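Here are the chains, one letter per residue:
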Amino acid sequence: MKISDLLKMGLRNLRRRKARTILTILGVVIGSLFIIITISIGEGVKHNFDKQLKEYGGYTTITINTHGDVFDENGNYVESKQQKLDESLVEQLKGMKHVKAVTPVINMSANLYSGKYQSWAHITAMDSDTFEAFEFPALSMGEYPTNEDKSVIIFGSSQLSNFYDPYSRSRVWTPIEIDLKKDKISLKFEGRYQPNPRKKEFSLPLKNIAMMEETMSEFDWNTYMDLDYFKEIYLKYCNTLSLEDRKKAVKEIQEFQEIRVGVDNIDNVQEVQDKITELGYTSTSRMQWIQPLIKSSDSLQFILLFLGIVTMVVSAISIANTMVMAIYERMKEIGIMKVLGCVITDIRMLFLYEAALIGLFGGILGNVFAYIASIVINKYGAPLFSALSPGGMAFNMTEETTYSIIPFYLPFVAMGISIGVALLAGYFPARRATKISAIEAMKTEG
Amino acid sequence: MKNKVKNENIIEVKNAKKIYRMGHERICAVDDVSFTIKRGEFCCLYGASGSGKSTLLNLMAGIEKLTSGQIIIKGRNVHRMSEKGLAKFRQNNLGFVFQSYNLMNAMTALENVELPLVFKHMGNKKRKKLAKDMLVKVGLGSRLKHKPKEMSGGQQQRVGIARAFVDNPEIVFADEPTGNLDSKTSKEVMELIKEMANTNHQTIVMVTHDSELTKYADKIIHILDGKIEEIEELKTDHLNDEDEDCIENSDEVIADIS
Chain A
1 MKISDLLKMG LRNLRRRKAR TILTILGVVI GSLFIIITIS IGEGVKHNFD
51 KQLKEYGGYT TITINTHGDV FDENGNYVES KQQKLDESLV EQLKGMKHVK
101 AVTPVINMSA NLYSGKYQSW AHITAMDSDT FEAFEFPALS MGEYPTNEDK
151 SVIIFGSSQL SNFYDPYSRS RVWTPIEIDL KKDKISLKFE GRYQPNPRKK
201 EFSLPLKNIA MMEETMSEFD WNTYMDLDYF KEIYLKYCNT LSLEDRKKAV
251 KEIQEFQEIR VGVDNIDNVQ EVQDKITELG YTSTSRMQWI QPLIKSSDSL
301 QFILLFLGIV TMVVSAISIA NTMVMAIYER MKEIGIMKVL GCVITDIRML
351 FLYEAALIGL FGGILGNVFA YIASIVINKY GAPLFSALSP GGMAFNMTEE
401 TTYSIIPFYL PFVAMGISIG VALLAGYFPA RRATKISAIE AMKTEG
Chain B
1 MKNKVKNENI IEVKNAKKIY RMGHERICAV DDVSFTIKRG EFCCLYGASG
51 SGKSTLLNLM AGIEKLTSGQ IIIKGRNVHR MSEKGLAKFR QNNLGFVFQS
101 YNLMNAMTAL ENVELPLVFK HMGNKKRKKL AKDMLVKVGL GSRLKHKPKE
151 MSGGQQQRVG IARAFVDNPE IVFADEPTGN LDSKTSKEVM ELIKEMANTN
201 HQTIVMVTHD SELTKYADKI IHILDGKIEE IEELKTDHLN DEDEDCIENS
251 DEVIADIS
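Protein sequence lines correspond, in order, to chains A and B. Under my numbering, think of the first position of the first sequence as 1, with each following residue one higher. Under my numbering, think of the first position of the second sequence as 1, with each following residue one higher.
Keep in mind that the hints were calculated from the coordinates and are not lab data. Worth double-checking, as some hints may not be accurate.
As the list claims (entries may be wrong) - Within a straight-line C-alpha distance of at most 30 Å, the following computed DSSO-like cross-link-like pairs (lysine-lysine) qualify:
{"id": "1", "chain 1": "A", "residue 1": "18", "chain 2": "B", "residue 2": "88"}
{"id": "2", "chain 1": "A", "residue 1": "8", "chain 2": "B", "residue 2": "149"}
{"id": "3", "chain 1": "B", "residue 1": "219", "chain 2": "A", "residue 2": "2"}
{"id": "4", "chain 1": "A", "residue 1": "18", "chain 2": "A", "residue 2": "116"}
{"id": "5", "chain 1": "A", "residue 1": "332", "chain 2": "B", "residue 2": "128"}
{"id": "6", "chain 1": "A", "residue 1": "248", "chain 2": "B", "residue 2": "149"}
{"id": "7", "chain 1": "B", "residue 1": "137", "chain 2": "A", "residue 2": "18"}
{"id": "8", "chain 1": "A", "residue 1": "443", "chain 2": "B", "residue 2": "84"}
{"id": "9", "chain 1": "A", "residue 1": "2", "chain 2": "B", "residue 2": "137"}
{"id": "10", "chain 1": "A", "residue 1": "84", "chain 2": "A", "residue 2": "97"}
{"id": "11", "chain 1": "B", "residue 1": "149", "chain 2": "B", "residue 2": "125"}
{"id": "12", "chain 1": "A", "residue 1": "443", "chain 2": "B", "residue 2": "125"}
{"id": "13", "chain 1": "A", "residue 1": "18", "chain 2": "B", "residue 2": "149"}
{"id": "14", "chain 1": "A", "residue 1": "443", "chain 2": "B", "residue 2": "215"}
{"id": "15", "chain 1": "A", "residue 1": "182", "chain 2": "B", "residue 2": "147"}
Stated by the list, open to error - Here are a few chain A residues that face chain B, going by a calculated C-beta distance under 10 Å:
{"id": "16", "residue": "2"}
{"id": "17", "residue": "5"}
{"id": "18", "residue": "7"}
As the structure is a prediction and not an experimental result, all values here were calculated from the model. Positions of the beta carbon are idealized from the N, C-alpha and C atoms, including for glycine.
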């Protein structure tokens, strides 16, 4: 028989038992739907992860704090230990494999004044040579420190919109934005130490200001400076303090609060972190937090994939059952066909085509439903996914977050699986059909 | 094929034997049967039910396996062929008419007649035309799109005949073709088969238990308990509608010859 005739006959046979055909196809639809959705969610997680990596950066950064938090192997906080961070450790870290940048960090709070308004700044002072390595964002104004001039203060994009009037009687906190073109800003370290009443209060008018572009990350809320420049101004400040407090204040910057290590590749973060642990230091990295989230989305995927495989197996059984039933029903027809000179390979092909058609229709419908499901998941899936991934950070939950992405190849893969399973399920019944004796088959009622 | 010698033996059955096993019992359905059928002959296997005549027909058509012996059709040993070879051989040389019509219930008359041509990979247009012409010939030109269930027994058997003859096979096997029909329809169907066979000079092998039908035959093989009781050769030429009465009682004729 010609392929077109086989197809026509197969379709006719499927039409004869509509309810049974539809139910069998339904099994394939559900199976392929699960498989497509599973893979699409996997793609969604990966996509989000990549997007986050791009947006936030910082995934290649390892931080060592003076207060190293110790966790047990389940990730629960146990205690905090003091770690001594000094130049020798910095040098040691610089020599490590996969490490592209190391910088000591000093964090300090300061107040900003502009006219009658004030604000606060979290200053992060670090080696300006490593700014690039730590993926500092582009500047909307000013320039990063150079070797000649390090006296730049770099504001995050949100820094200037946070000023307020401390004497305002309004109960509502109204942030005021400072315009650098008109307003002048000065910086003060205040509150912690007693100033020397005989000296003039320290106040640094800011002249060399740079602004970062908005990044939707921690950069927006911080203020950055070169470490040496920071030390310079801080020591100036210390000189204005009372004698007993001066020593304490100076001591504060003698040890680093933090060391940041930039790793060349995201895959090597764990390795470098392990080496730091070997040195006896506790460190943290974003990767540490991301990993369990990836795992939890992995386990979600695993459950769905398991369901998909189970439904596929069930639908394979139902296809096999359908085909066996079809053979019993059409026993007489098979006999007639054989006597009329139908080659047995054609009879086998006929049953295989029928099975494949079930797989094909199931696959097509499965794809259609999967696309619909994907749209629904992306629209209404947020509560589900935040419930399933503790911390909810695997997905950067915004309006346009996509949880399910169907890559272009997936429909074809799903179709292939459906047809493959159908053929496998149809093979043995089809072989059985060819073994039927024509004379016996013709005697049956049909 | 039509210009071949008329007297050539198209079917040769040599010592054909078929033994069925029913549990521990062995039943000899066909017991050491030998005969020949000439090209263009209308041969009738005549016997009571259970005599083994249908089994013999099935053996000749290669539908059932021989226990021993040989069946040679057109010089080829039917039981030595591969399954595929036999299927192809049937496609090209054999036609079948059954007692219970054996039409495909899901298909229309036209599609049923097309079926043997479909197996032969014939193109859609060509086979449709052939099948349609055939149905017109058997007088069912107005029922092309009807399904078997929508037709009378006689009409169904006409479809069966159209299907058997559509590819102009050299041999047509007919197993009790009128078994399910009343006597009037039986006569019509038999006339049709006879006419078809005469037109294209085809060989017919028909199984029947109805002595009425033996009058259409050129050769009657009487079968009893799996053995040939008698082979009776008749002259075809004076077998037509006018002489029907002369051989009304064929049993007597047979008696005379023997």
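Each hint, compared with the structure:
no.	hint	verdict
1	A:18 with B:88	violated, 33 Å
2	A:8 with B:149	holds, 21 Å
3	B:219 with A:2	violated, 40 Å
4	A:18 with A:116	violated, 82 Å
5	A:332 with B:128	holds, 24 Å
6	A:248 with B:149	violated, 107 Å
7	B:137 with A:18	violated, 36 Å
8	A:443 with B:84	holds, 22 Å
9	A:2 with B:137	holds, 27 Å
10	A:84 with A:97	holds, 22 Å
11	B:149 with B:125	holds, 26 Å
12	A:443 with B:125	violated, 33 Å
13	A:18 with B:149	holds, 20 Å
14	A:443 with B:215	holds, 29 Å
15	A:182 with B:147	violated, 95 Å
16	2	holds, 5 Å
17	5	holds, 5 Å
18	7	violated, 12 Å
Hint compliance for this structure: hints 1, 3, 4, 6, 7, 12, 15 and 18 are broken, all remaining hints hold.
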